[in-house]
Structures are given as structure tokens and as C-alpha cells.
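Novice: Given next are the chains, with one letter for each unit.
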Amino acid sequence: MSWLPKSPKARRRLTLLAAIAPVLALAVGLTLWGLKDSISFFYTPGQAAAAKPKPGQSIQLGGLVRVGSVVKHPDGRVEFDVADRIAVDKVVYQGDLPDLFREGQGIVAMGAYRADGVFEARQVLAKHDERYMPKEVADALKKQGEWRGDGMAPAYGKAATP
Amino acid sequence: MIAELGAFALALALAFALAQLVLSAAGRIRRSTVLAAAGEGAALAVFGAVALAFAALIHAFVTSDFSVANVAANSHTEKPLLYKVAGAWGSHEGSMLLWCLALTGYGAAAVAFGRSLPRPLKASMVAVQGALATVFLAYTLFASNPLARVADPPVEGRSLNPLLQDPALAIHPPFLYAGYVGMSVVFALAVAALIEGRIDAAWARWVRPWTLAAWSLLTVGITLGSFWAYYELGWGGWWFWDPVENASFMPWLAATALLHSAIVTEKRGALAGWTLFLALAAFSFSMLGAFLVRSGVLTSVHAFAVDPTRGVLLLIILGVTSGAGFALFAWRAPKLAQGGVFAPVSRESALVLNNILLAAATTTVLLGTLYPLIREAVTGEPISVGPPYFNLTFTPLMAALAILLPAGPLLAWKRGDAAGVLQRLWVAILIALAAGLLAYALVSPRKAFGAAGLAMGTWIIAGGIAELIERTRGFRVAPAESLRRLVRLPRGAWGMTLAHLGLGVFVLGACFETGWKAERAETLPLGGALDVGGYHLVLDAVSDVDGPNYEAERATIRATRDGAPICVGQPERRFYPAGGQTTSEVAICYRGASHLYIVLGERRETATTPVWLVRAYWNPWATLIFLGPVIMGLGGLISLSDRRLRLGVARRRELPA
Chain A
6 MSWLPKSPKA RRRLTLLAAI APVLALAVGL TLWGLKDSIS FFYTPGQAAA AKPKPGQSIQ
66 LGGLVRVGSV VKHPDGRVEF DVADRIAVDK VVYQGDLPDL FREGQGIVAM GAYRADGVFE
126 ARQVLAKHDE RYMPKEVADA LKKQGEWRGD GMAPAYGKAA TP
Chain B
-7 MIAELGAFAL ALALAFALAQ LVLSAAGRIR RSTVLAAAGE GAALAVFGAV ALAFAALIHA
53 FVTSDFSVAN VAANSHTEKP LLYKVAGAWG SHEGSMLLWC LALTGYGAAA VAFGRSLPRP
113 LKASMVAVQG ALATVFLAYT LFASNPLARV ADPPVEGRSL NPLLQDPALA IHPPFLYAGY
173 VGMSVVFALA VAALIEGRID AAWARWVRPW TLAAWSLLTV GITLGSFWAY YELGWGGWWF
233 WDPVENASFM PWLAATALLH SAIVTEKRGA LAGWTLFLAL AAFSFSMLGA FLVRSGVLTS
293 VHAFAVDPTR GVLLLIILGV TSGAGFALFA WRAPKLAQGG VFAPVSRESA LVLNNILLAA
353 ATTTVLLGTL YPLIREAVTG EPISVGPPYF NLTFTPLMAA LAILLPAGPL LAWKRGDAAG
413 VLQRLWVAIL IALAAGLLAY ALVSPRKAFG AAGLAMGTWI IAGGIAELIE RTRGFRVAPA
473 ESLRRLVRLP RGAWGMTLAH LGLGVFVLGA CFETGWKAER AETLPLGGAL DVGGYHLVLD
533 AVSDVDGPNY EAERATIRAT RDGAPICVGQ PERRFYPAGG QTTSEVAICY RGASHLYIVL
593 GERRETATTP VWLVRAYWNP WATLIFLGPV IMGLGGLISL SDRRLRLGVA RRRELPA
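Quick mapping for you: the protein sequence lines, in order, are chains A and B. Quick note on the working numbering: the first sequence kicks off at 6 and runs consecutively. Quick note on the working numbering: the second sequence kicks off at -7 and runs consecutively.
Note that these hints are calculated values from the structure, not bench results. Possibly wrong hints are sitting among the right ones.
[Claimed, not checked] Only pairs whose alpha carbons sit at most 27 angstroms apart, straight line, appear in this in silico BS3-like list of lysine-lysine:
1) A:Lys14 / B:Lys406
2) A:Lys11 / B:Lys509
3) B:Lys259 / B:Lys406
[Claimed, not checked] If we take Cβ atoms under 7 angstroms as the criterion, some of the chain B residues that face chain A in the derived model are:
4) Val333
5) Val337
6) Ala352
7) Leu358
8) Ser376
9) Val377
10) Gly378
11) Leu384
12) Thr385
13) Ala513
14) Pro517
15) Gly593
16) Arg596
17) Thr598
18) Thr601
Every residue, glycine too, gets a C-beta built ideally from N, C-alpha and C.
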């Protein structure tokens, strides 16, 4: 292998490079490919109405659960409305709702719109703790002026902040 | 009164930390042993003061002193004692104090155990630790004081989030923080080495035990958290690639890489710069984790109460400390001496490859975690990166690592013999292939990926055993002689083998569970039944239960297989009036290493009878997922007890100052 550099140091560098290059290429390739296919956008119903995601495209729908809209069927299906100031979407979900799911509360539903415009959720997220609102929901509602102050923040936690 | 004493102790700790920084730095600059010793004394005093403050916080929680804001927000008189104590670190403020306790505890330990360190290096290290302690104590005292009082104390507290009232989660933060913050010693050592401009085998030997200790504790801490999420959240999963999980996983990956590269630096003097870089990176990832978890910039299912101003402060701390570390690295590292030369096929090369793969994996996790932030900053659209991304990027890199792993320990330093290694591993190769083919042929439904994963797990375990046989010259000398060699193996060797076996056990469990788990969800009336994974579950009864601080519905579900009774599970759905919150208590039937996992959901009324949502999972070999990392952690601790790590490195006679 006379074409290799003579100095052992340069040889070591070359070997290192030969080992790093394929791993790096693999990692970069996978990362780009993965990021293209497995990101999902977040919309509130109003934003979704404007952005018009295709039926079947996986997105996250966030907003407030409309009071009085939750219908729980005996076969395990749940229907409820998720709303922001602009639009309301009907969501259907098969399964157990998170423990913190409440009417009037902010949630994020992961799933896709059906062709008839109903949102079919694969997963519904509320937070571990009822004091918090999902960040995207809070941000989106703040932008729309729907936010009613930080009433959700823990009252005593506030007192601890000088 | 005690809370005030605690707050005072915290302020005192900050003053001591500042003194530690100034005295040690002055001691280093003036080469004065007296000043350096005073700095070390201050390091011990900081720990004492923080311990006092922490004791005061625990006292406030145990006695339900609701005039302390943090106690009022996170405790309740009816809570069991364990969770009153655990409440001390269940909130942001309390957990920051726990962080400081770990930080100063490690600082004091480094002083106490560091007698064999060269004096200038030690003084620099203690000064850096003083700087870290100053920053974090100042943050805790001024931005999130856990001992602050409220003007009009409430009669009753708001209680700890019931999901967190769990034994595994009660001890999860101490382990996790002991792991996270343990990297601070390594960070301080790295910065000190950069200041001194010298790095050698003795330095690497010093880095190893601290990395090992922190890594072992972090491994156990992450596993406890994962186990908690598995049985408490009731989602049937154990890892969700959630930002907070990733935040704990990145320091672990960096520490794993560091553990391996430090071996090369210690034994062969090579890779010194890279080892330094990893030492800086590991603690930087710990701080990044603290920032991600507390700032709420990323949506997570496990977030603390978030406060943007605190987030900004933590970001500044992260930027300044690791920024300074890496700037110093960029400035001084090129001047460090280069180490030994090695052939492309050698133990060094194997460890380098391990590091390349681990670093690439860490980077993909980092990118996936931060991409939503970057994307939102650039385009303003909120997005999320889901588990498919991580499965796609992380898994192939880890698979490559798993395939190469058994060969590494069998390769010789400097120049290895690839053919010889293959010759020693061919039995392991055959066993792994057989296991994969058997799994592919016999387990239904047929899954190629699952079978490949099982082959890989078997390969790591068989390779580890082959390595043990090689070390003890098994089958080549008399069995008694092999046994004698086995007993006499250094603990470091045992630790490595155990850690690798643990990884194999984890891979087996993770691949089997992911490949062949089954899930069913149905609404059942009393007497109703569902089938999952070959088991027949019947909802026999639902009763009301009155717990210490909750009310619950408890279902009695009978599981049978082919008519034979297997077990009775009693999942609960609990309502905690203090927080107005509902949680589910999962019932798990252990069948060997597999779990039959039953969740009781909501009650729904129909025209005639009430029905309950019941979800059941068949999670085959799920125990291995949690057992594997525990074996890994144990391996780390055994390795830590190796005499070689405790023996003083030959030290130079110090010149009088």
C-alpha cells in the first residue's frame, strides 16, 4: 500500500477519517430523511382551516375542548369539539382519554383529518398536571388574544418567584 | 424558624462557594498550599451548608409547614411520609436544591478523595467547582428559593401531583441528579487540565472513577424513570423519545463515550483531546437537560412548572459555563501532546469506532430534540419530531455498535488480529445466527426486524461470555484452573463484561417487546371478557376503595390461558381530591420475564348497565428491558471498586512552594 502516506501520524489520521466518513454520511442521511418524514405540524382549528392539511396527513391539533361537547359512547368512542377563536373541529377518538382531559381545557390531539373534515385522533395529550396548558396551545391562543392571563400558573409557585 | 435557618444556610453556602473559588484560584496562582487548603476547606463547608438547607427543606415538608411556599404548593397533610419527603424534590425549586446538594457533595468528595492529585491541578479543579457551585447556588437562592415564605399560609397544601406519588419516582430524582451532576467533577477536571495545559495517563485514570460513578447512577436513574413511566402512566410503553427523556439520555450517551475514550487515554495516552471534549460535553448535556426540562421551550409530557425567566437564566448559565469550557478547549487543546500510534485493527481503533458511533447517535438525538426549536425560531411554525425519526436515525447506529461490540474487548492494544478474533468468536456468531433464525421461524407473527434484534442481543451476550472464556483460557486448561482465573479476574474486567452483558439483556428485551407486543382495548360490562396475547381476561368485579389521600375504583380481572387460571389483576382508577386529578394504577401479572399489563379506564353509563374501558397489553420479555440497565449499572459499580482505580498513581515529589 505504497500510496498511503509514510508518516504514522498521517496514516492514523487517514484511518480515522475513513472510519468517521461513512458513519457521518449515514447519520446525516438518516437524519435528513427522518426529519423530512417524521415531523408533524401543529395547528389550532383556525390555523388548520387556513393551512388545509391533506386528509390523512399526520398533524397535531391543539385547542380548548368546548364545554358541553364531549360525548362518550359505550363502545369506547369519544367525540368532542376542539376550538380556538376562529374555528371549531369535531374530533373522534377511540380509547381511553388521558386522566387530565377536561372540558374547557387545552389539549393536543395527534392524528389526521378524514375526508369529511372530522379529525380522527390516534392519541390525545393533556399534561401530567392540570396547572399547565400545552405550550403550543398557549402560544397559539395568546396570538389570537384568547389567553386569559396566567391564571393557570400555580398561585403559590408565583409567590416563590421574587 | 427552621426554614429561616435553612435559607440562611443556603446564603452561607453561596458565600462559602465564592470563598472556595477565590481561595483556590489564589492558591493556584500564588502556588500557596495554605490558600489552596483553605479553598478545599471551603469546599467541604459549602457541602455542609447546603446539606443543612436541604435538611431544613425536608423538615418543612415532613412537618407540613405550609408557610413555606414550596411546601404549600407541593405537599398535603394526608400524604404518606415517603411522599412528603419526596415532595422536597418534586418541584422545580426543591429539585434545584437537590442539584446543588449533589454538586457540592461531589465537590467535597473530590477534595476528600483527591489527595493523590498533583497540587496545581487540584487547586484549579477546586476553583472550577467553586465557580460552578457559586453559579448554581446563586440561581437557587435568588431565582428559585425553595425555602421562601408566603405572607398568609394556607390551611392545606395543594399536594404533590399524584402521578409523582410513587416509590420508583420518589427515588428516581436522587439517582438521576447524582448521575447528571457527577459529570461536574469530570467537567472541572477537564477545565483544570486545560488551565494547567497538561493531560496524561494519570489525569485519565482520575477521570474514570468519577465518570463510572456518575454513569452508573445515571443508568439506574434513567431506568427508574422509564420503569415509572411504564407502570404509572398506563400507556404500555417504556420510552417515548420525549424531550425530557432525551435530555437525560444525551448525557448518558456522552458519558458512555467518555468512559470508553478515557480508557484509551489512560492506557495508551492517545485521544487526549477527544476525551477532554467529551468530559466538557457530558456536563454540558446535563445542564442542557436542566434547561430543557425547566424552561418549557419544548412540549413534554414530563415537564416541571415552567417559568420563562428561569429558563433564560438557566440558558445563560449553560452558555457561560460550557461556553467558557469549550472556548478554553479551542484555545488550549491544540497544544496538548499527541499520544501513541495504533494500527487500524486494534483495541484503540475499536474504542474509537465506539466513540464515533456514540457521538453520531448523540448528535442525532440532539438534533431531533432541538429541531422543533430551531424550526420554530426560523419559520415560526410549531412542529414536533416523533418517535419514527429516532427509530430511523438512532437504531441503525446502535445496531452497528452492537455488531462491533463483542470484537472490541478481544482485540489487542496497538495492533490487533482480526482473524484471531473471528476465530474466538465463531461459536458466538453461530449461536446468535441460530437464535435469530429460530426466532424468525418459530415466533408468530413472523417479524424479520424483531428476529434480527434478538440475534443481536444474543450476539452481545454470547460474545461477552466468549470473552470471559478467553480470559480464563476455558477449554484449553483444566476447568479448575479456569475457575481460579475466573475468580481472580480484576473487578474492572468483571465490570466491563457485566455492563456489556446487561446491554445484551436490554437489547433482547427491547427487541422482543417492541416486535411482539399485543394490545387490546374494549369496553366491558361486569362479566365481560377480552383476549390479548393468548390470555383470556374476565372483568369479575369493580369495587370502591378509600385510600389515604384518594378514592378509587378497583377492578378484579381474572386472566386465564386455555381455561387454566393464571392470575388475578386489580387495576385501579384513583381520584385525588386535593388536586382534582385522576390517575390509573396498572395491574401487572408477571409471567416469567413477560408482563400481562392491565389498565382500568373510565366508567361509562349505558342504558342498562355501566361499562368500563379496559386496556390490556401483552409485553413479552419486558422485565429484561429494566433488568438489563440495572446489570449495566451494577457492572459500573463493580468496576468502580477495582483496586487499580483506587491505587494512587505514581506521584511526583512536589517542589516546595
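Novice: Determine for every hint whether it applies to the structure shown.
Specialist: Here is how each hint holds up against the structure:
In summary, the hint linking A:Lys14 to B:Lys406 is supported, as the alpha carbons are separated by about 14 angstroms, within the 27 angstroms threshold. Straight-line distance between C-alpha atoms of A:Lys11 and B:Lys509 comes to about 55 angstroms, which puts the hinted pair past the 27 angstroms bound. Among the hinted pairs, B:Lys259 with B:Lys406 is consistent with the structure: their alpha-carbon atoms are about 10 angstroms apart, no more than 27 angstroms. At about 4 angstroms, the closest approach between the beta carbon of B:Val333 and any beta carbon in chain A falls short of 7 angstroms, and the interface hint on this residue holds.
Among the interface hints, the one on B:Val337 is violated; its C-beta lies about 10 angstroms from the nearest C-beta in chain A, farther than the 7 angstroms criterion. Because the beta carbon of B:Ala352 sits about 4 angstroms from the nearest beta carbon in chain A, less than 7 angstroms, this interface hint is met. Interface hint at B:Leu358: violated, since its Cβ lies 10 angstroms from the closest Cβ of chain A, which is beyond the 7 angstroms cut-off. The interface hint given for B:Ser376 is met, as the beta carbon of that residue sits about 6 angstroms from the closest beta carbon of chain A, less than 7 angstroms.
Satisfaction of the interface hint for B:Val377 is found here, the shortest Cβ-Cβ separation to chain A being roughly 5 angstroms, below the 7 angstroms cut-off. Proximity of B:Gly378 to chain A holds as hinted, the smallest CB-CB distance being about 5 angstroms (cut-off 7 angstroms). Interface restraint check: B:Leu384 against chain A, minimum CB-CB distance 4 angstroms, threshold 7 angstroms, status holds. Interface hint at B:Thr385: satisfied, since its Cβ lies 4 angstroms from the closest Cβ of chain A, which is below the 7 angstroms cut-off.
Nearest Cβ of chain A to the Cβ of B:Ala513: about 5 angstroms, under the 7 angstroms cut. The hint holds. The beta carbon of B:Pro517 comes no nearer than 9 angstroms to any beta carbon in chain A, farther than 7 angstroms, and the hint placing it at the interface is violated. Checking B:Gly593 against chain A: minimum C-beta separation of about 4 angstroms stays under 7 angstroms; hint holds. Using the Cβ-Cβ criterion of 7 angstroms, the hint placing B:Arg596 at the interface with chain A is satisfied: the shortest such distance is roughly 5 angstroms.
Because the beta carbon of B:Thr598 sits about 4 angstroms from the nearest beta carbon in chain A, less than 7 angstroms, this interface hint is met. Violation of the interface hint for B:Thr601 is found here, the shortest Cβ-Cβ separation to chain A being roughly 9 angstroms, above the 7 angstroms cut-off.
Consistency note: the structure conflicts with the earlier hints numbered 2, 5, 7, 14, 18.
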